[in-house]
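Please put together the full structure from these sequences, using the hints given.
What follows is the residue order along each chain.
Number of protein chains: 2
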Amino acid sequence: MSLTIDHQTFAGNGVLITGGLGFIGSNLARRLVTLGARVSILDSLLPDYGGNLFNIEGIEDVVRVNISDVRDSHSLQYLVQDQLYLFNLAGQTSHMDSMADPLTDLEINCRAQLSILETCRKVNPTIKVVFASTRQMYGKPDYLPVDEGHLLRPVDVNGINKMAGEWYHILYNNVFDIPGCALRLTNTYGPRMRVKDARQTFLGIWIRLLLEGRPFDVWDGPQRRDFTYIDDAVDAILLAAASSQANGQIFNLGGDCVITLRELAELLVEVNGGGEFTVRVYPSDRKRIDIGDYYADFSRIRSTLGWEPRIALRDGLKRCLEFYREHLPHYV
Amino acid sequence: MSLTIDHQTFAGNGVLITGGLGFIGSNLARRLVTLGARVSILDSLLPDYGGNLFNIEGIEDVVRVNISDVRDSHSLQYLVQDQLYLFNLAGQTSHMDSMADPLTDLEINCRAQLSILETCRKVNPTIKVVFASTRQMYGKPDYLPVDEGHLLRPVDVNGINKMAGEWYHILYNNVFDIPGCALRLTNTYGPRMRVKDARQTFLGIWIRLLLEGRPFDVWDGPQRRDFTYIDDAVDAILLAAASSQANGQIFNLGGDCVITLRELAELLVEVNGGGEFTVRVYPSDRKRIDIGDYYADFSRIRSTLGWEPRIALRDGLKRCLEFYREHLPHYV
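Heads up: the protein sequence lines correspond to chains A and E, in order.
Residue numbers for the first sequence follow the working numbering, beginning at 145 and rising by one.
Residue numbers for the second sequence follow the working numbering, beginning at 145 and rising by one.
Rather than coming from a laboratory, the hints here were simulated on the basis of the structure.
The reader is advised that the hints may include incorrect statements.
It does not matter which identical chain is used: a pair holds within one copy or between any two.
[Said to hold, decoys possible] DMTMM-like mimics (lysine to aspartate or glutamate), calculated; alpha carbons at most 25 Å apart, straight line:
1) Lys266 x Glu251
2) Lys266 x Asp361
3) Lys462 x Glu407
4) Lys284 x Glu414
5) Lys284 x Glu407
6) Lys284 x Asp321
7) Lys266 x Asp341
8) Lys266 x Asp241
9) Lys340 x Glu452
10) Lys284 x Glu204
11) Lys462 x Asp245
12) Lys284 x Asp459
13) Lys462 x Asp241
14) Lys340 x Glu410
15) Lys284 x Glu262
16) Lys284 x Glu201
17) Lys284 x Glu356
18) Lys284 x Asp375
This is the structure:
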């Protein structure tokens with residue numbers, strides 16, 4: 145299939161990426177630099193989150209970095225002006241944190257999102273906004289694969305707040321004509337994800353421990369998941385930004401295959417050429433918010449924008465391991 | 145059908161009603177007093193909202209009234225202690241206000257709700273919570289009548305925030321065992337509703353103008369709606385509180401019939417024995433958030449709790465007119 149991002153769409157144009165020092169934001173920033181965009185990054189660099197200055201190593205001289213928080217509406221007003229695209233990726237992503245400190249999750253994932261959109265409405269109502277949403281809000285699926293017509297039944301505070309954040313974007317598109325859309329990401333992985341701990345994804349800590357020659361823990365269970373390689377996720381984000389057909393739409397992303405955590409661990413060890421893991425009983429504090437099997441039906445974005453995953457899981461894991469073999473000290 | 149609230153459930157027990165001076169809250173308070181409950185009321189008495197001290201006329205000596213705001217978490221902590229039931233009815237209900245001042249709507253309908261539940265978790269985790277939700281969050285229906293399996297597609301900021309508020313209650317039931325449920329109310333009407341203006345319901349201002357001998361405006365359109373008389377809504381709230389089968393559940397309420405606004409206006413004039421209205425073109429600022437026909441399938445609450453509407457629309461309108469004929473000066 146042909147899936148090309150038209151250079152003209154972004155060349156010379158101003159784009160703002162909230163959460164731009166994080167995993168997805170920084171990979172997006174790097175791609176946008178190659179496409180000739182004038183890239184501004186907003187990131188809070190909160191220690192427990194995904195931001196890492198090393199993520200923009202090599203492009204630090206051609207992007208504008210602004211360290212501030214999406215909860216700070218004053219800095220936002222200045223940064224949103226004169227941009228053609230807003231990639232709204234900043235968020236609190238830890239499910240466990242959202243249960244321990246629900247109001248902070250609300251401030252970041254609800255209140256700041258609404259405040260960002262209000263800022264757009266006031267100072268830049270034609271800016272195109274792409275919001276990074278999450279499949280987490282589907283909760284325990286009624287059927288598989290899960291399409292966008294599936295009911296939302298969030299199983300943690302984070303899922304509820306992200307649900308609200310997503311709908312603010314759709315609403316501001318529908319009512320105030322601020323063009324916007326949302327991508328419900330599933331497990332995204334690749335270079336520049338947080339590997340220091342399991343805060344962003346369990347795959348992060350697996351890779352760290354594997355490369356440090358230590359066994360990693362795998363929670364036992366029949367649950368199957370899908371995974372999107374970061375370059376595929378960036379493709380989807382750019383396609384959604386470039387197409388007015390995406391406006392007001394919500395799209396699932398998905399992966400090239402469906403796999404249990406144990407099979408994933410085995411694949412990772414195989415691709416690495418060695419390594420050990422310990423199979424553990426699923427922790428009881430997570431069991432209550434577990435959703436069983438999940439994998440996405442991504443036919444809506446395929447038919448509307450021509451997107452589909454292009455990097456096979458095996459290849460993605462290989463690239464990921466190569467990146468961290470070289471750069472691990474910057475991430476631990 | 146038999147639909148009886150067991151006196152033993154509430155007699156001698158402490159109940160807290162947020163928004164208890166408002167339309168639904170005060171009618172609920174009055175009923176709970178007759179059932180022998182020890183009723184505490186929390187209300188902000190914000191001028192543009194539904195609170196009115198006259199609503200508790202006659203029971204003011206047997207209920208405890210606390211004027212404070214659900215956004216004030218300190219007063220909440222004190223009030224939530226030692227209660228068996230929390231009827232969580234306080235909310236910002238104006239759709240137009242939520243679009244003009246979305247962050248205030250968020251503070252009341254999202255943040256305060258989460259804060260209330262956090263307070264319950266800390267000081268009274270066995271309290272049963274009934275949340276007043278709204279059919280507004282369904283948006284424009286895909287099919288009719290709308291059941292609880294219908295997708296949520298809110299069409300205003302209020303609908304998004306109420307959606308989050310509702311889900312916090314379901315989540316705290318599921319994860320923290322704080323028994324809770326939500327009722328998605330449709331157009332509720334009856335004595336003690338706000339009639340000063342159209343802020344709470346258009347039916348309010350219709351009744352005021354009718355009783356003042358002035359013509360009222362009816363927006364023309366084919367849209368059909370359902371209406372719940374306040375006593376029926378109170379029944380549903382009490383049944384949901386009394387039954388552990390309701391925990392974690394969401395229930396639609398509905399009405400005894402489906403009617404266009406114009407037909408409703410004609411019925412109201414007929415029941416009143418006279419009056420005039422003017423048919424107006426639907427205002428363009430509301431057209432964008434209009435949802436077309438809506439009426440509820442309420443079979444879930446019927447089969448689970450045995451609820452169904454018992455007061456026919458004609459009778460409800462009659463009772464309503466009688467109330468305001470006597471008490472209008474207290475409401476304008």
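For each hint, the structure was consulted:
1. Taking the closest pair of Cα atoms, lysine 266 and glutamate 251 come within 25 Å of each other both inside a single copy (21 Å) and across two copies (20 Å).
2. Neither within a single protomer nor between protomers do lysine 266 and aspartate 361 lie at most 25 Å apart by alpha-carbon distance, with minima of 49 Å and 33 Å respectively.
3. Taking the shortest Cα distances, lysine 462 and glutamate 407 sit within 25 Å of each other inside one copy (15 Å), while across copies they are farther apart (67 Å).
4. Proximity of lysine 284 to glutamate 414 under the C-alpha cut-off of 25 Å is found in neither arrangement, the shortest distances being 31 Å within a copy and 51 Å between copies.
5. Proximity of lysine 284 to glutamate 407 under the C-alpha cut-off of 25 Å is restricted to the intra-copy arrangement: shortest distance 21 Å within a copy versus 43 Å between copies.
6. Proximity of lysine 284 and aspartate 321 under a CA criterion of 25 Å is satisfied inter-copy only: 18 Å between copies versus 33 Å inside one chain copy.
7. In this homomeric assembly, lysine 266 and aspartate 341 never come within 25 Å of each other (Cα to Cα): the closest approach is 39 Å inside a single copy and 29 Å across copies.
8. Taking the shortest Cα distances, lysine 266 and aspartate 241 sit within 25 Å of each other only across copies (17 Å), while inside one copy they are farther apart (32 Å).
9. With identical chains, the CA atoms of lysine 340 and glutamate 452 are never at most 25 Å apart, being 30 Å at best within one copy and 56 Å at best between copies.
10. In this assembly of identical chains, lysine 284 and glutamate 204 lie within 25 Å of each other by CA distance neither inside one copy nor across copies; the values are 41 Å within and 47 Å between.
11. Neither within a single protomer nor between protomers do lysine 462 and aspartate 245 lie at most 25 Å apart by alpha-carbon distance, with minima of 36 Å and 49 Å respectively.
12. In this assembly of identical chains, lysine 284 and aspartate 459 lie within 25 Å of each other by CA distance neither inside one copy nor across copies; the values are 29 Å within and 44 Å between.
13. In this assembly of identical chains, lysine 462 and aspartate 241 lie within 25 Å of each other by CA distance neither inside one copy nor across copies; the values are 30 Å within and 53 Å between.
14. Proximity of lysine 340 to glutamate 410 under the C-alpha cut-off of 25 Å is restricted to the intra-copy arrangement: shortest distance 21 Å within a copy versus 68 Å between copies.
15. Taking CA atoms no more than 25 Å apart as the test, lysine 284 paired with glutamate 262 passes between copies only; the shortest distance there is 24 Å, against 33 Å inside one copy.
16. Proximity of lysine 284 to glutamate 201 under the C-alpha cut-off of 25 Å is found in neither arrangement, the shortest distances being 39 Å within a copy and 48 Å between copies.
17. In this assembly of identical chains, the alpha carbons of lysine 284 and glutamate 356 never lie at most 25 Å apart, being 35 Å within a copy and 54 Å across copies at closest.
18. Taking the shortest alpha-carbon separations for lysine 284 and aspartate 375, neither the intra-copy value of 27 Å nor the inter-copy value of 36 Å comes in at or below 25 Å.
Hints 2, 4, 7, 9, 10, 11, 12, 13, 16, 17 and 18 from the earlier list are contradicted by this structure; the remaining hints agree with it.
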